[in-house]
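These protein sequences, in sequence, are chains W and P. Mapped onto the working numbering, the consecutive letters of the first sequence carry residue numbers 185 to 337. Mapped onto the working numbering, the consecutive letters of the second sequence carry residue numbers 4 to 195.
Note that these hints are calculated values from the structure, not bench results. Source: prediction; values computed, not measured. Be aware that a few hints might be false.
[To be verified] Only pairs whose alpha carbons sit at most 27 Å apart, straight line, appear in this in silico DSS-like list of lysine-lysine:
| id | chain 1 | residue 1 | chain 2 | residue 2 |
| --- | --- | --- | --- | --- |
| 1 | P | LYS173 | P | LYS147 |
| 2 | P | LYS173 | W | LYS282 |
| 3 | P | LYS144 | W | LYS282 |
[To be verified] Taking CB as the label site, the calculated pair distances span:
| id | chain 1 | residue 1 | chain 2 | residue 2 | range |
| --- | --- | --- | --- | --- | --- |
| 4 | W | LEU337 | P | ALA105 | 32 to 42 Å |
| 5 | W | ILE205 | P | MET159 | 27 to 37 Å |
| 6 | W | GLU271 | P | ASP72 | 51 to 61 Å |
| 7 | W | LEU198 | P | MET159 | 32 to 42 Å |
| 8 | W | SER281 | P | LYS90 | 16 to 26 Å |
No residue lacks a Cβ here, since even glycine has one placed at the ideal position from N, Cα and C.
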Amino acid sequence: MSKAKKILLGLLVLFIAMQFIRPAHNASNTVQAADMVTHFNTPSNVAGILSASCYDCHSSNTRYPWYANVQPIGWLLANHVKDGKGELNFSEFTTYSKRRQLSKLKSILNSIKDGSMPLSSYTLLHNDAKLSEDSKASLIQWTAKVIDSLSRL
Amino acid sequence: MKIIVFSIALIATVLSACSNNNSTAKEETKTSDTATTSAPASNITNQQAPSVDEAVTAYLHLKNALTSDNGKEAAEAGKHLHEAMQKLDNASFADNQKKVYADVIEDIKEHAEHISTNGEKIAHQREHFDMLSKDMYDLVKSVKPSQTLYKDHCPMYNDKKGAIWLSEMKEIKNPYYGKEMLTCGKQQEEVK
C-alpha cells in the first residue's frame with residue numbers, strides 16, 4: 185500500500201470518528217410563555233418572518249438542515265447557534281429586564297435597517313431567510329411599535 | 004495491520020483531544036473565578052469606598068473618542084469600561100442604589116463589549132453609545148461620582164428622536180456626529 189493511500193485511509197477513519205461526536209440539538213419543542221411572539225401579541229406575518237429569518241439562531245428551536253448531521257459542519261452550526269442565543273434569545277425574551285428588552289429591540293431595529301442581520305453567510309444557504317423589502321418594512325414598523333409601547337410603560 | 008494500528012491511534016488522539024479541551028476549559032473558569040474573588044480585596048487595600056469613578060472615567064474617554072471620530076480608541080475605552088463595571092463592587096451601596104445597579108449592570112457591560120469589538124464600525128459604536136448613555140445617566144443619578152457631570156442632549160440623533168450623553172465639560176462637543184456637527188446640542192442638566 186502506498187503512502188498516499190495510507191494517508192487517505194487515515195483521513196477517512198478520522199472523518200468517520202468525527203461523526204460520533206455530535207453536539208446536542210437546540211430544540212425545546214415547546215413554545216415558551218416567555219417567547220416574544222406569544223407575549224407581545226405579534227401579528228402572524230411578523231411572527232412568520234421572525235421564525236423564518238431569525239429563530240434558527242435566536243431561539244431555543246433550530247430547524248436543522250440535513251448537513252447539520254455531518255461533522256464538523258454540525259459543530260460549526262452548534263457554535264453559531266450558541267453565539268446567536270447568547271446575544272439574543274427570542275424564546276426567553278420576556279425574561280430580560282425592561283431595560284434589556286428595549287436595548288435588544290433597538291439593536292434589532294438597527295441591524296435590520298443596516299442589513300447586518302440576518303447574516304449573509306446564513307442567507308446564502310437559507311434562501312427563504314432573506315428579507316424582502318416588504319418584510320423589512322413590516323419588521324421595522326412592528327419593532328418600532330413595540331419599542332414605543334414598552335418605553336411608555 | 005499497520006493501518007489498523009494507525010487508525011486506532013488516530014481515533015485515540017481525536018478523542019483525547021476532545022477531553023483535553025474540556026479540562027482546559029474547566030481550568031480557565033477556575034482561574035477566572037479566583038480572579039473575580041480577589042478583586043474586592045484590592046479595593047479594600049486602596050482604602051476607598053467603591054465608586055463609579057473608574058467607570059465614569061472610561062465612559063468619558065469613550066465619549067471623547069467618539070467626539071473625535073476615533074473608533075479604535077473608542078473600542079479601547081469600551082474595553083476599559085467593561086472591566087470597570089466588572090470590578091464595581093456594590094456591597095456598600097444602599098438598597099435603592101443596588102436596585103439601579105442591578106438594572107443597568109448587564110446592559111452597560113453588553114454595550115461596552117459591543118463597542119470594544121466594533122472599532123471599525125463607528126456608526127455601530129454610536130448606536131450602542133446612545134443606549135449606554137441612558138444607563139450611565141441612571142447609574143450616576145443614583146450612585147454619585149466625585150466629579151460634576153453634565154447631561155447634554157442631541158436633538159437630531161435617532162431619526163430626530165434625540166439622544167443624550169454625559170460630559171465633564173460645559174462646552175458642547177457632540178459625540179454622535181463627531182466633527183460633522185461638533186457643537187450641535189444643548190445642556191439639559193448638571194449632575195452632581
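Here is how each hint holds up against the structure:
{"no.": "1", "hint": "P:LYS173 / P:LYS147", "result": "holds, 18 Å"}
{"no.": "2", "hint": "P:LYS173 / W:LYS282", "result": "violated, 32 Å"}
{"no.": "3", "hint": "P:LYS144 / W:LYS282", "result": "holds, 19 Å"}
{"no.": "4", "hint": "W:LEU337 / P:ALA105: 32 to 42 Å", "result": "violated, 18 Å"}
{"no.": "5", "hint": "W:ILE205 / P:MET159: 27 to 37 Å", "result": "violated, 53 Å"}
{"no.": "6", "hint": "W:GLU271 / P:ASP72: 51 to 61 Å", "result": "violated, 27 Å"}
{"no.": "7", "hint": "W:LEU198 / P:MET159: 32 to 42 Å", "result": "violated, 58 Å"}
{"no.": "8", "hint": "W:SER281 / P:LYS90: 16 to 26 Å", "result": "holds, 22 Å"}
Violation of the numbered hints given earlier is confined to hints 2, 4, 5, 6 and 7; the remaining hints are satisfied by the structure.
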